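Whole structure, please, built from the sequences with the hints as guidance.
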Amino acid sequence: MSEAAAPATDIPPFRYTAALAEEIEHRWQDTWEREGTFHAPNPTGPLADPGHPRAGAEKLYVLDMFPYPSGAGLHVGHPLGYIGTDCYARYQRMAGHNVLHAMGFDAFGLPAEQYAVQTGTHPRTTTLANIERYKAQLRRLGLGHDERRSVTTIDTEFYRWTQWIFLQVYNSWYDADARRARPVAELIAEFSGGARPTPDGRPWAELTVAERRRVVDDHRLAYVSEAPVNWCPGLGTVLANEEVTADGRSERGNFPVFKRNLKQWMMRITAYGDRLLDDLDTLDWPEPIKLMQRNWIGRSTGAHIDFPTDAAAVRVFTTRPDTIFGATYLVLAPEHELVDALVPAAWPAGTRDAWTGGHAGPREAVEAYRKAAAAKTDMERQADNREKTGVFTGAYADHPVTGAPVPIFIADYVLAGYGTGAIMAVPAEDERDHAFAEVFELPVVRTVQPPEGFTGGAYTGDGPRINSAAPAAGLDLNGLGLADAKARAIGWLEAEGRGVGATTWRLRDWLFSRQRYWGEPFPIVYDETGAPIALPESMLPVELPEVDDFSPKTFDPEDAASNPETPLSRRRDWVEVELDLGDGPKRYTRETNVMPQWAGSCWYELRYVDPTAADRFAEPENEAYWMGPQRPGDCGGTDLYVGGAEHAVLHLLYSRFWHKVLFDLGHVSSFEPYRRLFNQGYIQAYAFTDPRGAYVPAEEVVEVDGRWFHGETEVRREYGKMGKSLRNVVTPDDMCAAYGADTFRVYEMSMGPLEVSRPWETRAVVGSYRFLQRVWRTVVDEGTGASRVTDAPADEATRRLLHKVIDGVRVDMDAIRFNTAIAKLIELTNGLTRLAETPREVAEPLVLMVAPFAPHIAEELWRRLGHDTSLTYADFPVADPALLVAESVTYPVQVNGKVRGRVEVPADAPEDVVRATALEAVAGVLAGKEPRKVIVVKGRMVSVVA
RNA sequence: GCCCCCGUAGCCCAACCGGCAGCAGGCAAUGCACUCAAACUGCAUACAGUGUGGGUUCGAAUCCCACCGGGGGCACCA
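Oh and the first sequence: position 402 is 409 in my numbering, straight run, nothing missing.
Check the hints yourself; a few may be wrong.
What the hints assert, rightly or not - Derived lysine-lysine pairs resembling DSS-like cross-links, with alpha carbons at most 25 Å apart: (1) Lys266 x Lys378; (2) Lys142 x Lys728; (3) Lys378 x Lys395; (4) Lys945 x Lys811; (5) Lys831 x Lys811; (6) Lys142 x Lys731; (7) Lys905 x Lys936; (8) Lys266 x Lys560; (9) Lys905 x Lys945; (10) Lys560 x Lys270; (11) Lys940 x Lys905; (12) Lys395 x Lys266.
Said to hold, decoys possible - Restraint-style ranges between C-beta atoms, simulated for each label pair: (13) Glu706 x Lys297: 36 to 42 Å; (14) Asp281 x Arg155: 36 to 42 Å; (15) Asp288 x Arg841: 50 to 56 Å; (16) Asp288 x Glu937: 32 to 38 Å; (17) Ala375 x Val251: 26 to 32 Å; (18) Ala701 x Thr897: 57 to 63 Å; (19) Ala143 x Pro19: 27 to 33 Å; (20) Ala538 x Ala701: 56 to 62 Å; (21) Glu937 x Thr897: 21 to 27 Å.
What the hints contain is simulated information worked out from the structure, not anything from laboratory work. This one's a predicted model, so the numbers in the text were calculated from it and none came from an experiment. Quick reminder that beta carbons are idealized off the backbone N, C-alpha and C, glycines included.
Here it is, written out as structure tokens:
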């Protein structure tokens, strides 16, 4: 690659080389910065600019998923999306929009902290250094960001508003009837006014202060709970469900994760389950991402059904109340709270041996099973190959419809945390229940008629109900289909008081506290009762204090019994604080957990809108302009959000949740943060291992006849990520040095559709380089530096090509198909290189159309074409429709599916003329036979069936 | 195991609502020009019938079914 940059004496003096590109690029980057070229005017406030060429124009908010600045810097894969949004934003600016495009940094969180621990420096120091490095790398690429709007989540002025939003969430409750969040002040008013009964029915005035606080706290959208959480000793912190992999390890660091009961902050995201699910329909997002969110939220509708027992009724959740007549046994999770009360002293008479697990009594059996289940890690449960295990509790329940005795089992295939932790097992219509029933020889009663010839075990499809009538109880489902049977069953249960229609969720409340240092402190203190108290807005921000030892306390990764210790708790002088919160100065204890990394990214797009606002996170007028709905029914939000699919659930779900809370409270005007989402693909790379399995530098490997060699050694090729340890990293800096930023940009945009992952191939970059050299040559004579542009009109063919390309490029740009747009520009350029001189009427539109992809060279050529202002706000070319219609059309003529001839007819020839001409052309093939059918596709082809 | 996405020249990719598969484009290859020679640059050439097998249709890369291969998600969620 370095040879491209090597100055050779016989290279024409005015050729577009890497050295010239670098000079041009630095010059224009300085110019843009000096002139504030990419500043987008706000409607109001310090960032307003009524004289701006796009002030008051139709807005367009283009957003990237902001980066987490790692110590390793960027490789060529990272900026793919950023370049894509920049090309789109530059195009839209030229097309008349007021475009907001900014770049900030997600800077709190585990990796920064871990990296800081490794290097022994403060996380802030390393984080800020990394940010500077990223900024320099990104600036070199010529990204047109409004740098005034750049924020980082660790800015005190940023996280004061993160804390402020936390307070909004904390001070709200979800009114299920109104389907929205409301301030807790309104809840208290309803309690005290008697409009809303207290949980135990006593009048509000009779509750003690502590009791009132507890009632209110139970409603808050942010609350402290003591519940089973994911404790990760290796990281020294708890983790959200979304951060734990399926095999029970931490997504970051791959440490074991254990379930522990710990006191933690939670956010009541489950209250928004319906809206998070239903509002997906309003979003212009890739379907797979919507599907992943739907699956994650996991709404199941069905019924809660009570099965009476001697102890208490067992409440089960089922999605199939229509199969209740097939419920031949119950299963509780081993941890279910009723188990101890249910288990009798001895096995009932006639208990089968297979049910007892070989134990003399049910108590031992249950105890042994519980112990075995608890000892199993999730890994082991998987390794068990789904062999169903369980044990009989010795207890029976009464079937709620028939009254028949139903044996109760415990088994670990029923999860404590989902539904009610208990199920009614219907082995005929559920595969898991069927597998269990086979092991324990339980009866299988079909209640849905399977289709003819069905030989499987459980039949989960639809069909008429059978064996589903109890005349004495007044319930008959026989003959009904799924939906009707469900409805009738639920109706009966509700009328008889045996159950109720119910919805459950896979989604759990969001665990919001972390036992780390490098995060936003909570704006929370505790009084002498131990109950949390929110600090008033006036005390924000709560600044993250300096500590001697910012590294968290981590433990033996396998030590499940260890307890988290927060770094902030070691600063006793910070933790113990005297404050006046309204009733005089008192001693309080600060919350020492910090917020999770996701907090800042939940709302950063709102701060870009108005980064200097001091009294609010953003002025409402600015928020409404950039984020507000654009038409009735529109959800609002950013007009384009580009990032990787790895955030399909975590970030995008949390962010939507916060945004909806802010919407409910009247702080934002859109009910979704990101109207349109686009997932860019990944740039992947080949890596090579030698026979010992060690990675060798990828750039030194050569291909010989489909085999790969490093020196004399044959090496094995693998395909995957780019990474230091894989020795296959190529950086944007390398590419800028060898070819210039414009070439790098064009290459990344032209190598395939933005949404598709593809392999990096350094040697192919030269194609984009040659393209820009040709563009350069259409305007500048390489030998003399003189202009090659003429004011003489273009010939007809060139002019038609130009307008065809303009039309195609516009369509491609709107659809984010940059690879095909660039191909058309190459086509146009190749058309021009054959000409002795370049007509200005073609050169200017070409330069303008190249500008979104290669902005520096375009600016330079624009200047050489005689313009003295940046082309950033020049009008993007518009095709002349008259030049798009061809004068004549060539129709291929098919006979029985094979092309047998071609006819050229005037473009406006009527169909019967086309038909007649076509038939004439293939008369020889038809040999006098009368065609059975002739199909004329206007503008396309003629198909004859002989 | 279930769900989603994708398979087009040696490689990355085009092909609009089913309508001539590539004078969409690029890399690599080959030849020629430039050069003392090479690199750079330019010009030219060749290369697949769309993963496999069925089906629908006048017509299928495109729609449907099955299978094969690659990538991703979920993993006993009742």
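Okay, the hints, checked on the actual structure:
Distance check on the hinted pair: Lys266 and Lys378 sit about 15 Å apart at the alpha-carbon level, within 25 Å; holds. Simply put, Lys142 and Lys728 have alpha-carbon atoms about 23 Å apart, close enough for the 25 Å limit, and the pair holds. About 16 Å separates the Cα atoms of Lys378 and Lys395, which keeps this hinted pair within 25 Å; it holds. In summary, the hint linking Lys945 to Lys811 is supported, as the alpha carbons are separated by about 20 Å, within the 25 Å threshold.
About 9 Å separates the Cα atoms of Lys831 and Lys811, which keeps this hinted pair within 25 Å; it holds. Annotation: proposed proximity of Lys142 to Lys731 holds, straight-line Cα distance about 21 Å (limit 25 Å). The suggested pairing of Lys905 with Lys936 holds, with an alpha-carbon distance near 17 Å, which does not exceed 25 Å. Annotation: proposed proximity of Lys266 to Lys560 holds, straight-line Cα distance about 19 Å (limit 25 Å).
For the given pair, Lys905 sits about 18 Å from Lys945 by alpha-carbon distance, which is consistent with the 25 Å threshold. Distance hint between Lys560 and Lys270 is fulfilled; the C-alpha atoms sit about 18 Å from each other, no more than 25 Å. Taken as a hint, the Lys940 and Lys905 pair is honoured in the structure, with Cα atoms around 15 Å apart against an allowance of 25 Å. For the hint linking Lys395 to Lys266, the alpha-carbon distance of about 22 Å falls within 25 Å, and the restraint holds.
Between Glu706 and Lys297 the beta carbon distance is about 40 Å. The supplied range of 36 to 42 Å therefore holds. Separation of Asp281 from Arg155 is about 39 Å and conforms to the stated range, judged on CB atoms against 36 to 42 Å. Range check, Asp288 to Arg841: Cβ separation about 52 Å, and the 50 to 56 Å hint holds. Between Asp288 and Glu937 the C-beta distance comes to about 54 Å, which lies outside the given range of 32 to 38 Å.
For Ala375 paired with Val251, a C-beta distance near 28 Å keeps the hint of 26 to 32 Å intact. Taking 57 to 63 Å as the suggested C-beta distance range, the pair Ala701 and Thr897 conforms, at roughly 59 Å. Between Ala143 and Pro19 the C-beta distance comes to about 32 Å, which sits within the given range of 27 to 33 Å. Ala538 and Ala701 have their C-beta atoms about 58 Å apart, which keeps the hinted 56 to 62 Å range intact.
The supplied range of 21 to 27 Å is met by Glu937 and Thr897, whose beta-carbon atoms lie about 26 Å from each other.
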